[in-house]
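The chain contents come next:
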Amino acid sequence: MLRFVLRRIFLILPVLIGLTVIMFVIARVLPGDPVALAAGPNATRDEIARYAQEFGLDRPIWVQYWSYLTGLMQGDFGVSIFTRRPVATDLATYLPATLELVFAAMMLAIAIGIPAGLMAAVWRNRWPDYTSNVLSVAAISMPRFFLGLLLQLCFAMWLMWLPLGGRFPIIYEPPPFVTGFYTLDALFAGDWESFVVACRYLALPAIAMSLSPLATILRMMRASTIEVLHQDYVTTARALGLSPRLIVFKYVLRNAISSSLTVIGLYFGWLLGGTVLVETVFDWPGIGLYATSAIVAQDFMPVVSVALVIGFLFICANIVIDVLYGLINPKVRYQ
Amino acid sequence: MTALLDIRNLHLSMHSFDGEARVLAGISLTVQRGEIWGLVGETGCGKSVTGLSVSRLLRSPPAEYTQGQILFEGTDVLTRTEAQMLTLRGRHIGMIFQDPTTNLNPSFRIGTQLIDVALAAARHDSAILGVPTGAGRSARRVAARRLAVSMLEQVGIPDAEARLDDYPHQFSGGMRQRVLVAMALIGRPGLLIADEPTTALDVSVQAQILALLKSMVAAYDMGVVLITHNLGVVSQVCTHVAVMYAGTIVESGPRETVLDQPLHPYTQALLRAIPSRDVARGALQGLPGSVPDLINAPPGCRFAPRCPLVRPECLAAAPTSRQIAPQHHVACPVVSEARHA
Amino acid sequence: MTDVLQDAPRSARTERARRAWFRFRQSRLSVVGASMVLVVVFFTLFGNILAPYPEHVTGGVDTANRFQPPSLAHPFGTNELGQDVLSMVMAGTPVSVAAGFTVVAIGTILGTVVGALAGFNGGWIDDVLMRFSDLMLTIPSLILAMAVAAALGPGFGNMIVAISLVWWPGYARLVRGEVLQVREEVYVTAARALGASPVRVLFRHILPNVVSPIIVKMSLDMGFAILTVAALGFIGIGVRPPTPEWGTLLSISRSYMPDFWWTAVFPGLAMFLAVFGFNLLGDGLRDVLDPKARR
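Protein sequence lines correspond, in order, to chains A, B and C.
Number 208 in the numbering used here belongs to position 208 of the first sequence; there are no gaps in the numbering.
Position in the second sequence counted from 1, then plus 1000, gives you the numbering used here.
Position in the third sequence counted from 1, then plus 2000, gives you the numbering used here.
Here chain A stands alone, though its shape is the one from the complex:
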């Protein structure tokens, strides 16, 4: 098990290098003049050249790439040519916000999707199944940004139950930094009021984010439960008088969850890259919003770095899932 994990961690490295290469190539091969854009509309040719020199953008691409790579080893993610701030600092500010959003959304999706999928399979081809089937296709079809807008319209604008956007009221000090998750930090600080406030801000974006993973987990869970229900050991359990409740909630659940885990891992990575839209709608100060503004400005370092971080977390999520998979399946564990 340990060797397996180490091997997987070791294999991350080439993937990350490949990732930076692709992003670099795309950035430099494509047309567009980021330096001119960053220097401003009134910049002269000389000014632009000086600007390029300052950021080392006049060097050949492979030199730039090498210096980026060596910088990475020391935790240096480069500098934004737009804000002139180090990308590492920005990432440290924005990443926790995105992670908090993604974790909250995934927790919602798992907490509802797994039991609902189990129930849909148990009541297969009856109304709970049909209902959840239609709703889950609808949820997958729902553009997240449109859902976000609808939620804002209903709960923030008309009913005024929840804030429209942002992460925390500007006039207040956020809870002291421990994890970077405002909800958790508020709890650590014992600040119940801040916790409630943070949750209220988190609610709508997390719901908007969670709908499609919820539906996918539900469908996956339904499919794998149906498969497990067809297994011989379920027939044996039924034949020997175990109650349906015990069979479903104890024996079937564990086997069905393990095949749904893969989807959960995939979705975790996918959501990290997909926060862009929700963060835009809700003004959530995460890396999606950060990447968007950098992309619009053609400010390249932040974009490469965001892609790198998301790719890294995506791979990590998959390793974690593989480990969990092993923990649930005794056969894998003992090998």
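Be a bit skeptical, because a hint or two may be false.
[What the hints assert, rightly or not] What the simulated footprint calls covered on chain C by chain A, stretch by stretch (three residues with Cβ under 8 Å from a Cβ of chain A suffice, anywhere in the stretch; the number is not a length):
hint : segment
1    : 2140-2147
2    : 2235-2241
3    : 2258-2268
[As the list claims (entries may be wrong)] Here are the in silico distance ranges between beta carbons for each label pair:
hint : chain 1 : residue 1 : chain 2 : residue 2 : range
4    : A       : 254       : B       : 1146      : 21 to 27 Å
5    : C       : 2023      : B       : 1325      : 47 to 53 Å
6    : B       : 1060      : A       : 249       : 23 to 29 Å
7    : C       : 2023      : B       : 1289      : 29 to 35 Å
8    : C       : 2203      : A       : 254       : 58 to 64 Å
9    : B       : 1311      : C       : 2025      : 43 to 49 Å
10   : C       : 2050      : A       : 249       : 32 to 38 Å
11   : B       : 1015      : A       : 17        : 55 to 61 Å
12   : B       : 1082      : C       : 2196      : 41 to 47 Å
13   : C       : 2064      : A       : 62        : 58 to 64 Å
14   : C       : 2208      : B       : 1153      : 56 to 62 Å
Quick caveat, the hints were computed from the structure, so don't treat them as lab data.
No residue lacks a Cβ here, since even glycine has one placed at the ideal position from N, Cα and C.
Use these hints to put chains B and C onto chain A, whose structure you have.
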């Protein structure tokens, strides 16, 4: 005396895309305690479906019982509710299936699985666990664990106490089948239905499992329905045989009678198809033709298209089963006449 | 099963088709999905012609009638420029569907070529191509598409290039997997043993077997492609106004919520319903065409 199991004229249909398949067309079978019935037939003849019907394990739809009764200790299981069936399964009717690799849940220790079956069987009958009726949860759990250990010992698993915490994949195929035997018998059922319990095992292990079954049956005074396609298995352990063909029982009776003096042409053909040392080379015979389609089956005898003795009346109506000798029933008009002549 | 094989291949095939059609009709949702897709196709072909205010679609404004709530004259109301929202939504259909379809088509062709090359050749070609597509799958696709679209500049063609670039790896993996499986089938080995050229084997024996899963994936992907197009429009790096693209319409009308909610809600609903239709259809097709995914 009421029979342990008395299946009377059971008809079962399955609904599918192509129409209604009459899977069982009038099965009758009586099993007493102490008897081991071999239910023999080709794949798809309805023997497994018969076994599953006794515990009402077929989903309906698609399964639909159109006629007949399955009397277990005098009451019809077909009229019981699912909740009533729960009290029957495991406690009064035990089952063993074919493949020991797929019939144990791979994600749980075998102890967990055995204990849960024991607790389920003891739901309405604490005596099984050897604890008083009002015993608390933990007392029942401890008793169930003790019972599981003793069952594993009885089926011949060494070091039972420690092996309780092992997962199924840590056992060999034969050992797993022993665990499944222990699981089926932990509720002390009166009736055991064993569906091809040795088919998936090595020949040497097969004999061990059969011997185990035989000794357990004797120890607990059970009635057994042993479903198999292997007449060798029947001759090793069974006291009685019922031969099935395409959803009907064509011949049934005490083992010696049926195997030594088979009357029905299908039974005779089946016995001729078994290779043995006594049979000279070339004497082994296959049966021409194939099993009929159960959908839109013609009204007459289902074996008629392949039968060497077929007569016009065989095609008109399904033959009724007649008693020819004590306990020996044959569903073939031709044979009974031949016998009387 | 054996009796099916004994029949002549043609009758077995028509029998399969008959059963598939039966199953498809059986599931009411797939029929609903198919009907919704038909409606979408109808508006793709005739949306521009049928729009009640065609002059608005081409950029005409009617500032005197700004922000009219839904009424008989304007069932979906009017927007900040006095344009009829219904007309804009109808005229948006061809934009989204054409973009979605082109992206999926390019993705399919590219992915099929890469996947078939990798699966059929094996060895280092397989390794290189598959490592590359795995890498592409690790990069967050929306961010990559956004970056490419931003670098290329706004416009319909650029947007399609950007999305297609991130769209093919899924198909490459799918096709490669199927090819690897089919390649080992007896009839393919037989064809090769009889001296059929690799190209012939690929087109005659392997690709026909891959068609069903590809069709299923395409119909499911149509929905996601339309969503991605709309997402780029929403961020503001896709199609630019006055082209009536749903995502762009939504992003503009955002600022006029909640008072003029109809300007945002109706384009969003159109988008949702179109994607919903494709997904229902794709689900139904998968149940019918892909026996592995069934149950």
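The hints, checked one at a time:
1. 2140-2147: That given contact holds, which follows from 7 residues of the segment 2140-2147 of chain C lying within Cβ reach (below 8 Å) of chain A.
2. 2235-2241: holds (count 3)
3. 2258-2268: holds (count 5)
4. A:254 to B:1146: 21 to 27 Å: holds (26 Å)
5. C:2023 to B:1325: 47 to 53 Å: Given range 47 to 53 Å: holds, Cβ gap about 52 Å.
6. B:1060 to A:249: 23 to 29 Å: Holds, at about 24 Å.
7. C:2023 to B:1289: 29 to 35 Å: With Cβ atoms ~33 Å apart, the hint holds.
8. C:2203 to A:254: 58 to 64 Å: violated (46 Å)
9. B:1311 to C:2025: 43 to 49 Å: For residue 1311 (chain B) and residue 2025 (chain C) the Cβ distance comes to about 46 Å; the hint holds.
10. C:2050 to A:249: 32 to 38 Å: For residue 2050 (chain C) and residue 249 (chain A) the Cβ distance comes to about 54 Å; the hint is violated.
11. B:1015 to A:17: 55 to 61 Å: Holds: the Cβ-Cβ distance is about 59 Å, inside 55 to 61 Å.
12. B:1082 to C:2196: 41 to 47 Å: violated (57 Å)
13. C:2064 to A:62: 58 to 64 Å: Given range 58 to 64 Å: holds, Cβ gap about 60 Å.
14. C:2208 to B:1153: 56 to 62 Å: Cβ of residue 2208 (chain C) to Cβ of residue 1153 (chain B): about 59 Å, so the range 56 to 62 Å holds.
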